[in-house]
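Asker: These are the residues of each chain, in order.
There are 4 protein chains.
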Amino acid sequence: MSDVASNGRKIPVAILGATGSVGQRFVSLLADHPWFEIAALTASDRSAGKEYAEAVGWVQESPLPDDVARQVVQATEPDAARECRLVFSALDAGVAGTCERAFADAGHLVVSNARNHRMDPSVPLVVPEINPDHLALIELQRGGNPSGGAIVTNPNCSTIGLVLALKPLHDAFVVKTVNVVTMQAVSGAGLPGIPAMQILDNLVPYIPGEEEKIEAESRKILGRFVDDGILECELTISAQCNRVPIVDGHTLCVSVGLEQPASVEALREVLRSFSGEPQRLRTPSAPDRPILCLDEPGAPQPRLHRNLDGGMAAVVGRIRRCPVLDFKFVVLSHNTLRGAARGAILVGELIRARGLMG
Amino acid sequence: MSDVASNGRKIPVAILGATGSVGQRFVSLLADHPWFEIAALTASDRSAGKEYAEAVGWVQESPLPDDVARQVVQATEPDAARECRLVFSALDAGVAGTCERAFADAGHLVVSNARNHRMDPSVPLVVPEINPDHLALIELQRGGNPSGGAIVTNPNCSTIGLVLALKPLHDAFVVKTVNVVTMQAVSGAGLPGIPAMQILDNLVPYIPGEEEKIEAESRKILGRFVDDGILECELTISAQCNRVPIVDGHTLCVSVGLEQPASVEALREVLRSFSGEPQRLRTPSAPDRPILCLDEPGAPQPRLHRNLDGGMAAVVGRIRRCPVLDFKFVVLSHNTLRGAARGAILVGELIRARGLMG
Amino acid sequence: MSDVASNGRKIPVAILGATGSVGQRFVSLLADHPWFEIAALTASDRSAGKEYAEAVGWVQESPLPDDVARQVVQATEPDAARECRLVFSALDAGVAGTCERAFADAGHLVVSNARNHRMDPSVPLVVPEINPDHLALIELQRGGNPSGGAIVTNPNCSTIGLVLALKPLHDAFVVKTVNVVTMQAVSGAGLPGIPAMQILDNLVPYIPGEEEKIEAESRKILGRFVDDGILECELTISAQCNRVPIVDGHTLCVSVGLEQPASVEALREVLRSFSGEPQRLRTPSAPDRPILCLDEPGAPQPRLHRNLDGGMAAVVGRIRRCPVLDFKFVVLSHNTLRGAARGAILVGELIRARGLMG
Amino acid sequence: MSDVASNGRKIPVAILGATGSVGQRFVSLLADHPWFEIAALTASDRSAGKEYAEAVGWVQESPLPDDVARQVVQATEPDAARECRLVFSALDAGVAGTCERAFADAGHLVVSNARNHRMDPSVPLVVPEINPDHLALIELQRGGNPSGGAIVTNPNCSTIGLVLALKPLHDAFVVKTVNVVTMQAVSGAGLPGIPAMQILDNLVPYIPGEEEKIEAESRKILGRFVDDGILECELTISAQCNRVPIVDGHTLCVSVGLEQPASVEALREVLRSFSGEPQRLRTPSAPDRPILCLDEPGAPQPRLHRNLDGGMAAVVGRIRRCPVLDFKFVVLSHNTLRGAARGAILVGELIRARGLMG
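Read top to bottom, the protein sequences are chains A, B, C and D. Each residue of the first sequence is one higher than the one before, starting from 640 at the first, in this note's numbering. Each residue of the second sequence is one higher than the one before, starting from 640 at the first, in this note's numbering. Each residue of the third sequence is one higher than the one before, starting from 640 at the first, in this note's numbering. Each residue of the fourth sequence is one higher than the one before, starting from 640 at the first, in this note's numbering.
Same shape as in the complex, but just chain A:
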């Protein structure tokens, strides 16, 4: 933790795509972060040159921090982040592919929330509690140049809750098969996102590309780092995704088939006791426990439990036997905190704590 401690100064970071809904979450969470400070904000050319307060349509529940409000937004080009080794990207998928590559080529470490590079073989797709070792791919991207740039990615907002719950089960019992049905909040669609007319008194049983993402990303995250790449986990997954009229919090109905014998109590125990590297390192955004198990029959519920432990906990309930596969349960996680901005910040903290800032 030398950076902050040694010279008493915080690490300057940039936020790319700072005016969108995930970008606003980054601003709000980094505004008083103990390690990082916002040194640059970028957005589209239309916003460049304006003060942030003027460029943004702020929709967060916490007020826009005064000092950030007056920062001048810049165009999304590597020059904008000259002083920032670490860059958080909340860019739209439409531009993220090229922009993030340009920042990495210019020597930045880009922690991205966009889908574009997640499945690139050389790009780590990281949930800090699950596969911190995948960060070794950073070295590969740098090709031996310690001050080189790299792209690191955060998974899709509905994948995260799933893999957090699967990881300890996989370690203990080997997960072979997963069936998951999601009920996803509207904030997952960004801004403007889904029109009110399409979701009030309604649900939409289809989210373009989402089922494929869950299936592919889960196999990569639960995969093993070997030699110079990720060996995907051999897992059969079927996902069905629904958009429901809820503001925040994705709820998943999960069934799993296991290779090893298990019991409801054994599942609960391995879930409850799960802990990872962020917990050992006690980084600022790490929850006390990555998984919370609730025993009440009606839990977890999005409005009641999405904010537990700073919105960073995967909340599990209703663990029981499944007549078709072996066990079934419900998982809730906050899609714009763990599933987006705060999850990506935790990745940034891990990069720094592991001394990978170069």
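Don't read these hints as lab results, they were simulated from the structure. Check the hints yourself; a few may be wrong.
The following residues of chain B were derived to be distant from chain A, with all beta-carbon distances above 12 Å [claimed, not checked]: (1) Arg648; (2) Ser667; (3) Gly868.
Below, a list of computed lysine to aspartate or glutamate pairs in the EDC-like style, where the Cα atoms sit at most 20 Å apart [as the list claims (entries may be wrong)]: (4) Lys689(C) to Asp934(B); (5) Lys689(C) to Glu935(B); (6) Lys689(B) to Glu935(C); (7) Lys689(A) to Asp965(D); (8) Lys815(C) to Glu700(D).
Cβ atoms here follow ideal geometry from the backbone N, Cα and C, with glycine treated the same way.
With the hints as your guide, set chains B, C and D onto chain A.
Answerer: Positioned in the frame of chain A, the structure of chains B, C and D alone reads:
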């Protein structure tokens, strides 16, 4: 169709529990039914003696019919329905068990929406398009007395959509395994039902007893009538039930494992072309087609599609292969029309059309 | 009613902007209209040349009528409606000003739902039950040429409910002052309209331009036709407009100051007994009574009462004395039926019934 | 502040009706209060004897504090609070009248959220920023016995936001007339409160007794303490109350008639600069500023602004001239924080800070 045709008079029917939310649906649907007319309304002792308009807290979107408004509500005792051979029960499970038995013992044919007698071996649990032959159990209950009474039941509101979709698949390909996750509307919980505070910006991943009902009822409905009873279908089912903030319409994400080889096109074809006895008999509440298949990727949706064909169609969409079982798809059905009052009325129509009125 | 009767043929009409949400309502309502038939559909250049089913993102609860589905959409130019004397416009305000003028110049009678021409001195702003005589402005626009075109407008969706309730009160007691607070459904904002993220578990106490429209339009509609123009009603109005998370139906809390003495009973009586020219002429879309008074303390409510009388009734409840002005009450009206498409169709019916088709 | 300071111990307090929704809010807010600690919890006889965790159906977003979870719930009788001079009542109106009187007679200072005693001439109805001097009625109730008990009340949840905004206007310009239309969240109705079926995709334009409460309570709170009683403010108020599908936060559309000349700027200035005794005394629950003025046209909105300043700020927006009265604006306040539990705790803090604990 002799009753109406021969003497030009409609068949008098009674509604038990007429002031609750399902009872109100019965009133609204029977008010201008071509075969039946409301001759008696019963409710709790508290309401007995009052005019219906005064006893009810009417919450239907159609206005309370004038002539029903002035009928006097009676206590729920067999005497109340003296002139009515056919009786529709919207009674709460708390009293339905005993009351319905009393009406049957007094010689009435009770078509019930309550859960109490559904799994009784001698009581048919009927979806008219699926297992009309199960009505033969009426004879068994009558024990040879053609003017004897009997109880016939309508399934749980989330079971109906499921079995309507499973039946043609079972006939064509033999369904071995079913995984179903439901997203159920609040009207399914009756009145007062679930408090607004528990469901606004929220969902509840648990509905007491619901998963067991879906699993058991499906096996009975898809079972075969043999000799003197129902031989349950050998089906492995796993259900996970959620309450979501939607007024009407239950949506189900279903995966199925089949014994016979099939294709997406073959599934769509057998679903689309499915037709049953009510369609052949053209009874008044029978939809043109019990199953509608929609091809748009975002269909079916509760608000857009729940009322198709008078709320009697099971609307199927997103038929595709499933990596875990064989195929998966989405089913929507209207829980208070097909899933309660209008579904029960269709059973009543079938009883009459089959000449089982005694 | 000679057109339909004499030659047995319906009157061909065009719908401008047929793919938007109000355009879809026009399609759905005109698909089986007894007087009119859809002969032309127009939309933006992007949609021109496609079949309607392909060009539209259909969001109506009733299915898209088959014969309309196959009509080819045309660009929004007067040529498109060559055979249609009568044209219904569901165009966006961004293009309605110029386009509607072009159709009128080409000899069409344009009944518009857009705001652009409503306050033009020569354009009638009509609610058929209130100011059918304002249609005399059509002659003025035609400048003596009986086959000339003209523009006729339908008021804003929240104005209509208000003026329907004010008209009989004004006739009986002279309304001097009005305070109105609206709670408006999301469908009033069109498609895509307001994002779900802005309105779930929320309301927005501001709708750009809406308060000014209510104030100005009410004075024009309640004004008198004199000589060659409309003399606005001398009414002091204050409006406060809110968007609330409801699909359809605008609810208004209204207080009025009256010049003549009155009583709650007298108000109820004049509201109840109100009737207008469409009722006398019995045109197809005319409700039996333009105003329904409900006596239950909790009425009117959008979901329960918006569809009464085909969504064409202004539903009034809670009439009582006001300590600040004289009386207060609640008005509900359906914003996309009476307040948009069906309201405009009623204007079209009135034009024909009055022999103004030229 | 001697109590806590002198002996380092917190003041023991009791919560009456601790298992209801407002009771739970009290528990959650007092669990780590710097001055007070929960020494007793009461509920109905049915819950008495159980541990709190077992007796309560916890619906708060923050977890149930561990030490409170294990406290044993007692019956609601004065003995239960023997050690607690200060008692917070979250009792239902059905029992609050008698119970609170019994506690006061037994020497307790009861700060109540129930409506029963609010309009008693000898009972202060207090908003700490507005009328702290009304607490002098405590002496009257005690009849000279400094250790005697007394009842102090907190206003209705929709009254509070209104009077907070009216107070500075009244001081500066003399408010003569008020028209207010409320849009109230469902949490205001408690638990179970309003059924989901009545409010999804709907609103209810009537809340029994609410309009009368707003009108009467506002006049008392803004009244002057003279000699031995409260002289009510001479204010003409008209209130119209609506329940809307929002979880928390009451929004009010207010128009005011003023005696003195004013301007939009002058109103904004007196609202912005308003401050009261809790701010001078800096008690723990006092917000920095009781009134926040927002300038964006779409503010305030319940979901975005209800939690500002701990849910204790009245948030005002859209101040503008009114054609009917003089000015109009929108006020938002959090109904279960400022409008119930935290508002009552602020009253308790004021009682202690003023040395009225006896």
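Asker: A separate judgement is required for each hint: does it hold in the structure or not?
Answerer: Structure-based check of all given hints:
no. : hint                   : result
1   : Arg648                 : 41 Å, holds
2   : Ser667                 : 20 Å, holds
3   : Gly868                 : 24 Å, holds
4   : Lys689(C) to Asp934(B) : 19 Å, holds
5   : Lys689(C) to Glu935(B) : 18 Å, holds
6   : Lys689(B) to Glu935(C) : 18 Å, holds
7   : Lys689(A) to Asp965(D) : 37 Å, violated
8   : Lys815(C) to Glu700(D) : 49 Å, violated
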